[in-house]
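K.L.:
Order-wise, the sequence lines are chains A and B. Note that the first sequence ends on residue 213 in our numbering; no numbers are left out. Note that the second sequence ends on residue 625 in our numbering; no numbers are left out.
Hints listed in this document are in silico derivations from the structure and should not be mistaken for laboratory results. Beta carbons: idealized from backbone N, C-alpha and C, even for Gly. Wrong hints could be hidden among the right ones.
Incomplete in silico selection of chain A near chain B, CB under 7 Å [said to hold, decoys possible]: (1) His110; (2) Tyr130; (3) Ser131; (4) Arg134; (5) Asp155; (6) Ser167; (7) Glu171; (8) Leu185; (9) Ser187; (10) Val188; (11) Gly196; (12) Ala198.
Restraint ranges, calculated between C-beta atoms of paired labels, are given here [stated by the list, open to error]: (13) B/Glu292 - A/Ser71: 21 to 27 Å; (14) A/Asp106 - B/Ala581: 56 to 62 Å; (15) A/Asp106 - B/Arg170: 47 to 53 Å; (16) B/Ile331 - A/Ala108: 22 to 28 Å; (17) A/Pro68 - B/Tyr77: 39 to 45 Å; (18) A/Asp106 - B/Glu292: 31 to 37 Å; (19) B/Thr283 - A/Glu177: 43 to 49 Å; (20) B/Leu122 - A/Val80: 40 to 46 Å; (21) B/Ile331 - A/Ser78: 36 to 42 Å; (22) A/Val111 - B/Ile359: 30 to 36 Å; (23) B/Arg264 - A/Val80: 57 to 63 Å.
The following residues of chain A were derived to be distant from chain B, with all beta-carbon distances above 10 Å [claimed, not checked]: (24) Phe84; (25) Leu116; (26) Arg143; (27) Gly144; (28) Met160; (29) Ala180; (30) Pro192.
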Amino acid sequence: MPLFSEAGLPASYVALPFADWQQRPEWPAVALANTDPVEDLAPHVGRLRLVVLDFPKFSDGRAYSQARLLRGRMGYRGELRATGGVLQDQLPFMLRCGFDSFESEQKGFGEALARARTLFSVVYQPAEDGRAPASRLRLDRNGAALS
Amino acid sequence: MPDTLLYRPQHFYRYDSYDRTLVAERVEQFRDQVRRRLAGELSEEQFKPLRLTNGLYLQLHAYMLRIAIPYGTLSSRQLRKLADISRKYDRGYGHFTTRQNLQLNWIRLEDAPDALAALAEVDMHAMQTSGNVIRNVTADHFAGAAADEIEDPRIWCEIVRQWSTLHPEFSFLPRKFKIAVTGSPNDRAAVRVHDIGLRLWRNETGETGFEVIVGGGLGRTPMVGKTLREFLPKDELLAYLEATLRVYNRYGRRDNLYKARIKILVHEIGVERMREEVEAEYAATRDGALKLPAETIEAIAAQFAPPVLPARPPVSGAVEALRLDDPAFALWLKSNVAPHRVPGHAIVTASLKPAGAPPGDASAAQMEGVADIADAYSQGEIRVSHEQNLVLPHVAVEDLPQVYRSLSALGFAEANVGKVGDIIACPGLDYCALANARAIPVAQRISSHFAGLARQHDIGDLKIKISGCINACGHHHVGHIGILGVDKNGVELYQLSLGGDVDFGQTAIGTILGPAIGADRVVEAVDALVATYLDNRTAGERFVDTYRRLGAQPFKERVYAAV
């Protein structure tokens, strides 16, 4: 399966399935099913280098929540990879949830990834990409106008 | 006096450059997706969620475009544009829906991006009117005008609209997700039959906040929502919604399409467990980036500042004269005119249910006519109600005769709001790929049968709701009389239910009366139900009250003797 990343080719680790990884949690790479309890990674996020989250179908969106919990709540900073049903039209959502590498067989996926962050110059909600939502920008603009 | 301002202030949310940019970029993204679909680069399976979240359904005969009318509020300029779009890209009419949206039934896929670009010119879109996402948020159609209102719910609808639009985490939910908000003790937004219902109320300390209701819904498993949180401080709304949606996204069922709504999750784990899950998630996020700063709330609330209505006489000589002169006008005053919070003003409902017509339909010319009336007499503002009517929210009492005449000329002054002729019906088998039976022709036959206005007013308040299949878009479960179309070996039959209600504190799912009946028997059956009521009612009792007092038996006997 072709692998795409915004930051060039990521370092390669063999990700262990969650059950296997639980036996050796010092291993730096783990692959979760979208029903696995992502919270269990919390004590280990400083050591982990790769977490792979699965989309059994592109329409099954559970891994978006797992990704946000990993990035936002648990502060995971390593590579976060999407695998399974990964299509270019999901990229704007995936990038906002903190994914930064992608396995996809879709033709044109790499070109789409290069463009994905330019599709929307405005966002409405805080997520895991550090972008300020419109509501925040409005406050800053009004604050600047007043000072 | 008619107001002839060419430019007028808008009394609801006005897009700024951020909103316009996002909507424009969304149109261009969809244009590229349509191009790739037409070029064969996207399969229909891959394209489906993309078109659905841009409002484009594939129906029985053609694509249908469902346009979002957030919280049912439109300016006259926007309504004229809808008329324009229906002429240019459709067949010159549209259908207002039970979710305060507008559907155009004959759109070509190739034209859809241009139609969306035209919508964007008036700060509108069709985002998230379909698909497994947070849908267009609905509200009380009398918001900002009703005499009984605590606070304008549309402020919160707009805050939720922005938060939910292109939400990166919640764009592939187990199933669709509908949110409704009411700011009045008399719930006109049916908040107990939504995935989440929000009811603004004032607590003992005088603070307003939300009762959060979860897991209501109609469809094939109708359920009345349960209270998840008795009182939620308003600035915590988005954090609480995000927590609830996250629990649903992670744990909602995805193995069975018919068990995927949040109501099934709540039913299976119980509301207490649901509350624990949501509160645990919420505790971890409540003080984060979603906490609403007072300035943000104030800035949006300021956009909904009510129009300054000049004091007008509460009683008008012209109105009283016409009331005596024209019995139809007298009835219209009773059924189609509601009290306004400002004395000397009124809320007028334009009935899109003239006897024998498809409920909720309006031609382009009718839409333009309503826009003209709104400009002249209602601050240029129009509302869409979930009962598929249009509302003129700010009409001076002394202008009522002119408004009545103007609406009459359009065919929208039928004095039947809330009466037997004010029927809700889904598009049914005439348009919809899911339907088992027709709904619109049944509504047309019933409203023709009860065409006499004096008789309708004698029968009084009676809500008939018709769905063409168990997905219940016609809300039959909550009709005083519910009519559900079913297919039995290729024959369209109709199942009757009684006693449904969406009034706050009374919300109930109707009870099936007995075996389904043939299409040609529906009118007789409804007639028998009405006759049973008329024979048994006590003073002041509505149809549904008599049913509650007597139970189904007398109604059942008469119906099945008649059919």
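K.L.:
Please check whether A/Gly196 passes as an interface residue: C-beta within 7 Å of a C-beta belonging to chain B.
P.N.:
Check failed: Cβ of A/Gly196 comes no nearer than 11 Å to chain B, outside 7 Å.
K.L.:
Given A/Asp155 as an interface hint, is the shortest Cβ-Cβ distance to chain B below 7 Å?
P.N.:
Nearest chain B Cβ about 6 Å off; hint holds.
K.L.:
Quick one: are B/Glu292 and A/Ser71 within 21 to 27 Å, going by C-beta?
P.N.:
violated, 47 Å
K.L.:
Closest CB-CB distance from A/Met160 to chain B, is it above 10 Å?
P.N.:
Non-interface label fails for A/Met160: nearest chain B Cβ at 8 Å, not farther than 10 Å.
K.L.:
Against chain B, with CB atoms and a cut of 7 Å, does the hint on A/Ala198 hold up?
P.N.:
Violated, about 9 Å.
K.L.:
Minimum C-beta separation from A/Leu116 to chain B exceeding 10 Å: can you confirm that?
P.N.:
Non-interface label on A/Leu116 holds, nearest chain B Cβ at 21 Å vs cutoff 10 Å.
K.L.:
Taking 10 Å as the cut and beta carbons as the points, is A/Gly144 off the interface with chain B?
P.N.:
Correct as stated: the minimum Cβ-Cβ distance to chain B is 20 Å, above 10 Å.
K.L.:
Is the distance from the Cβ of A/Val111 to the Cβ of B/Ile359 consistent with 30 to 36 Å?
P.N.:
With a Cβ separation near 35 Å, A/Val111 and B/Ile359 satisfy 30 to 36 Å, so the hint holds.
K.L.:
Honestly, do A/Pro68 and B/Tyr77 meet the 39 to 45 Å range at C-beta?
P.N.:
holds, 40 Å
K.L.:
Against chain B, with CB atoms and a cut of 7 Å, does the hint on A/Glu171 hold up?
P.N.:
violated, 12 Å
K.L.:
Are all beta-carbon distances from A/Pro192 to chain B longer than 10 Å?
P.N.:
violated, 4 Å
K.L.:
Using the C-beta atoms of B/Leu122 and A/Val80, is the stated range 40 to 46 Å upheld?
P.N.:
violated, 51 Å
The structure does not agree with the numbered hints 1, 6, 7, 11, 12, 13, 20, 28 and 30 stated previously, though it agrees with the rest.
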